[in-house]
Amino acid sequence: MAGKADWSASGLPTEGTLASVPRIGDIARRDVPTCMPDDPIGDVQERVRRLGADTCVVVNERNVVLGRLRKDGLEADPELSAQLVMEPGPIAYRPNEPAKETAEYLAERGVSNILVTTSDGELVGLFRRDDVLQRSTEKATEGKRS
Amino acid sequence: MPTAIDRNDLRELARSGAQLIEVLPRQEYDDEHLPGAINMPLTRMDGESGAEFRRDVPVVVYCQDYQ
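Read top to bottom, the protein sequences are chains L and V. The numbers in the first sequence follow this note's numbering, run straight up by one, and end at 160. The numbers in the second sequence follow this note's numbering, run straight up by one, and end at 477.
It is worth saying that the hints were derived from the structure and are not from the lab. Hints may be right or wrong, so weigh each one.
To be verified - Looking from chain L toward chain V, a few residues come up when the C-beta cut is under 8 angstroms (computed): (1) Ala16; (2) Gly17; (3) Ala19; (4) Asp20; (5) Ser22; (6) Thr28; (7) Ala33; (8) Ser34; (9) Pro36; (10) Thr116; (11) Tyr119; (12) Leu120.
All C-beta atoms in this analysis are idealised placements derived from N, C-alpha and C, irrespective of residue type, glycine included.
Next up, chain L with everything else stripped away, as it sits in the complex (with noise of 0.2 angstroms):
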């Protein structure tokens, strides 16, 4: 088999004291706009703006990510297909990577948001680094009412 790193990689459960150390995986927003790479950009723009997104990830048939659209690709000409105006291949983390040093890192190098893929390249969500600082607020204020 492909091994411990393959398993975790895949958001699959695990045991042990690092178990429970909250991942990327375990917050990553699911529902990101995604669309397919022969949609027409007008189609995708309409979609994002009822989600009221910024981003738009274009997957095959088996939610295999290909490419992710940004502001430039969405505001690309309506007729084009996705895949003419997407960014090809982008950067994407795998869920077990821990989020608290993950959000840190992209906020060094003032990153917002990254995607979370499985280790077959399927999405899973998107990871925005505000959302980590956001959870930690809250378990704070829980913290202080118990």
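Given the coordinates of chain L, work out where chain V should sit on it, guided by the hints.
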């Protein structure tokens, strides 16, 4: 007879009660391991180690990566 399997095969085998054995050092096992796995560090294996393998279910031995 040893057979290489993938993640999906492992999920099925684990569900059906296979014995999982992690051969990494104790500390790595303590940090994180597959659900239900036992630890048998490779460096401490000897001729007696096989006695701990179950004979009634498939035995899955795993490491950190493809090995």
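Find the hints from earlier in the document that the structure breaks and name them by number, from lowest to highest. Checked against the structure, the hints that fail are numbers 8, 9, 10, 11 and 12, while the rest are satisfied.
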